[in-house]
Amino acid sequence: EPEVTQTPSHQVTQMGQEVILRCVPISNHLYFYWYRQILGQKVEFLVSFYNNEISEKSEIFDDQFSVERPDGSNFTLKIRSTKLEDSAMYFCASSDAGSNTEAFFGQGTRLTVV
Amino acid sequence: GQNIDQPTEMTATEGAIVQINCTYQTSGFNGLFWYQQHAGEAPTFLSYNVLDGLEEKGRFSSFLSRSKGYSYLLLKELQMKDSASYLCAVSRGNTPLVFGKGTRLSVIA
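Going down the list, the sequences are from chains A and B. First residue of the first sequence? That's 25 in our numbering, and the numbers climb one at a time after it. First residue of the second sequence? That's 3 in our numbering, and the numbers climb one at a time after it.
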């Protein structure tokens, strides 16, 4: 069964460092998303990506964040200068027809900023 | 804006039936998703309701009333493995899903 894969599963970084979280969405999907979940809190939307551009972003997704689809398979989230409060589980998701269809989530990257 | 409410925690007995409610207030409502999330894992899709009524899928059923802004997830014949968080999420137009805070269900013997 096709699945969304994310690497790494766990990333520890020092405050102020840049991190890149990687995702391989399901191959025939067209819509890609990043969500985050701070420990014990709800899943929060960060950004959606369609047709090689950002289609929507939340207020969390500030100038420190960027996304890229560098090739036909990868979808990355970059945090330029990490802060302690960026510590969270980051989920990548993809769907074949937008938000009215099932989104498939990757297993997540647990980011710990120290 | 959107407002999605669901109980924070519930406990139920193995073999029993449990109903997890979700109320929402939003404009441009399309449909309502339920996801299951085990601790430390990704959310996995359970159901999607667009029209009013009950949709049954094995031990899990989901109900929607658009006029009341209300949905519930019904889990029958509870098993220990059903212990997880259950996330209600609203779909609006082409905007991405907005999740509620989730209901943590504990199934006890």
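Please keep in mind that the hints were generated in silico from the structure rather than gathered at the bench. Don't take each hint at face value.
[Claimed, not checked] What the simulated footprint calls covered on chain B by chain A, stretch by stretch (three residues with Cβ under 8 Å from a Cβ of chain A suffice, anywhere in the stretch; the number is not a length):
1. 45-53
2. 95-109
[Said to hold, decoys possible] Quick list of in silico lysine-lysine cross-link-like pairs, DSSO-like style, CA-CA up to 27 Å:
3. A:Lys66 / A:Lys107
4. A:Lys102 / B:Lys78
5. A:Lys102 / B:Lys103
6. A:Lys66 / B:Lys103
Beta carbons are placed, not taken as given, at the ideal position from N, Cα and C, and that holds for glycine.
Violated hints - listed by number, lowest first
4
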